[in-house]
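There are 2 protein chains.
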Amino acid sequence: MVRGDSGDRSAAKGEEIGVASAPHLEPMREREKASLDLLSELIRADLERVNRLIVERMQSPVSLIPQLAGHIVAGGGKRLRPMLTLGAARLCGYCGGRHVALAAAVEFIHTATLLHDDVVDASDKRRGRDTANALWGDKPALLVGDFLFARAFELMVADGSLKVLQILSRASAIIAEGEVHQLLTTSDTATTQEAYLAVIEAKTAELFAAASRVGAVVAERPLEEEEALERFGRNLGIAFQLVDDMLDFRAERADLGKNIGDDFREGKMTLPVLLALARGDEEERAFWGRTIGELDQRPGDLERATLLVERHGALDETHSRARFYAQKAVEALAIFPEGALREALIEAAIFATERGF
Amino acid sequence: MVRGDSGDRSAAKGEEIGVASAPHLEPMREREKASLDLLSELIRADLERVNRLIVERMQSPVSLIPQLAGHIVAGGGKRLRPMLTLGAARLCGYCGGRHVALAAAVEFIHTATLLHDDVVDASDKRRGRDTANALWGDKPALLVGDFLFARAFELMVADGSLKVLQILSRASAIIAEGEVHQLLTTSDTATTQEAYLAVIEAKTAELFAAASRVGAVVAERPLEEEEALERFGRNLGIAFQLVDDMLDFRAERADLGKNIGDDFREGKMTLPVLLALARGDEEERAFWGRTIGELDQRPGDLERATLLVERHGALDETHSRARFYAQKAVEALAIFPEGALREALIEAAIFATERGF
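Quick mapping for you: the protein sequence lines, in order, are chains A and B.
If you're matching positions, the first sequence starts at -19 in the numbering used here and goes up one per residue.
If you're matching positions, the second sequence starts at -19 in the numbering used here and goes up one per residue.
With the rest of the complex left out, here is chain A (with noise of 0.2 angstroms):
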């Protein structure tokens, strides 16, 4: 059992929300045509700032932690973590400058955080470029995720509030433990979509959810709605996280994201995977647990895996469950007054379910 300790504010349970007052998802656009750019433009000069402090933020005497983190900072990221307590203190009517501290804070721990997966997946590529540790090795990019980390906190402290303190470190402390789960169900071909929920929550969702309650935060706003943002922002996590596994098996350009089959390969057990599996005749299981379980693969394996994943319909209804996410992510803004801010919101949710990369 893991995570019980939080179950009380699992997305997957379920909350009741009065559906009459809930926010719809259509028909502003066409989901197809959803993007950042309403959020983007909504907040363009907070952002601008975020970004001018993360570049000011990552200098160190000792330049070799400029240059990687330069690296991967400009590496073309979405910056859609910080985008989130912007826009989420944009919504709450906070006018202070406090939010861009903390978003450059959010963005810092989600930077450390990659730094440390690509060397634990051993990536050479992210975001169709070459990872820091492939162009520098494993032993820099350790430890300029550990700088960044640090300055991740330093930036939290000279913010001065505890109680975003709080929700930060508690967010870093699961997304670890949803890595190290993360790690305990690679190749276990035994894996429980209960699992796997749970880890996709704490590695990615924990960090969504506490960048948008903090945009709440900074504002002082009411519990009430520093909750619902909270909510949005790990509904918005789950469906974020589903798609990115389905596009493992599906991105159409791979300098688009990362390579395509990262996770196959890697033999993480992810939902397209565990569906595939569940459905799968004996041979077909015999294939995954050869290819996920012990890691055996051969030329033409992740294109039978992408077949298998495609037949059994299991990409089709990830994307599915990923809408299911993002419906939640949107109801759940349901408190706030309608809006620009609350529909560049709700068009990020649409945006990260039906993303091309």
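Source of the hints: derived by calculation from the structure; they are not laboratory data.
Warning: the hint list may mix true and false statements.
Since the list gives no way to pick one copy over another, a pair counts as held whenever it fits inside one copy or between any two copies.
Keeping only pairs whose Cα atoms sit at most 20 angstroms apart, straight-line, the calculated DMTMM-like set for lysine to aspartate or glutamate is [stated by the list, open to error]:
| no. | residue 1 | residue 2 |
| --- | --- | --- |
| 1 | K119 | D168 |
| 2 | K119 | E274 |
| 3 | K119 | D104 |
| 4 | K119 | D97 |
| 5 | K119 | D101 |
| 6 | K58 | E207 |
| 7 | K13 | D281 |
| 8 | K143 | E204 |
| 9 | K143 | E207 |
For this one, chain A is given, so just place chain B on it according to the hints.
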């Protein structure tokens, strides 16, 4: 140029301290008999509470985390850093309980860096036992390090002092900088003594300094006492690391410490090597260039290296410099009243330089 931003705090610069008022290293006990026993005795109950809290806070529903963390935490470490926090707090007359959680946080930060160090150095032994990465692999060791680092911050946040958080988050960033800087000097036979000192001050002495300073902070003592304890910890930390680097060539029994010759095998540019290199003839410089610079090592090389550092007096000089910093650590305590606690901290500084393991 590295760490120039904190040059004014550098212990290497030598503060003027009135000799008349300075406590002397001797003659309380003979140097060879110096131990941590007196300090342990005085803070026994506190240290037991720290150990209980460490075990309590490394728990996680992901069972691999307490298993792996328990292995390294129970690995027979001296608990020197948390002892400094406890001892410093008591020296400042502190009667509350906050120092216990902060001492545990200090030990978690230290443990996280040990786990990451052993991954970076691919070490298989620490204090005579298998390392976590040797037993469980690099991935869990790296990720459990992240978990413990996050837990350290959770402990500090629960304590609630922004000042403590500032000291320890800054120290954490500087430690990571020092580790990256050390990577850059590894196998670089042009490394200067200044660069070496910057590395050990950052990677080791910074946490000793922060751990000691925190004792004065919880006791709410004037800045003068904070700074004195910081200076005590910083100089003690430098002495401690100098002795560590000396013992890599001289430890009498491998089962008391890490493997003898680890630093040499990894190409670390420690002071004994720097000194022997500077004093060696052309043939010896070629030897260091091959073994440390190119990491081309053959049977008998460690023995030859040990002979060279002995012959050139490099180990004795390293030891004598360690004693110089230990003396500065002792002098920093001059502003505190005489008594058992001050005596115990003085003896800890002597122990750091006279220990054989």
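Hints, one by one, checked against the model:
no. : hint         : in the structure
1   : K119 to D168 : between (28 angstroms within a copy, 16 angstroms between copies)
2   : K119 to E274 : between (28 angstroms within a copy, 18 angstroms between copies)
3   : K119 to D104 : both (14 angstroms within a copy, 16 angstroms between copies)
4   : K119 to D97  : both (13 angstroms within a copy, 9 angstroms between copies)
5   : K119 to D101 : both (14 angstroms within a copy, 8 angstroms between copies)
6   : K58 to E207  : neither (25 angstroms within a copy, 44 angstroms between copies)
7   : K13 to D281  : neither (33 angstroms within a copy, 66 angstroms between copies)
8   : K143 to E204 : within (15 angstroms within a copy, 31 angstroms between copies)
9   : K143 to E207 : within (14 angstroms within a copy, 29 angstroms between copies)
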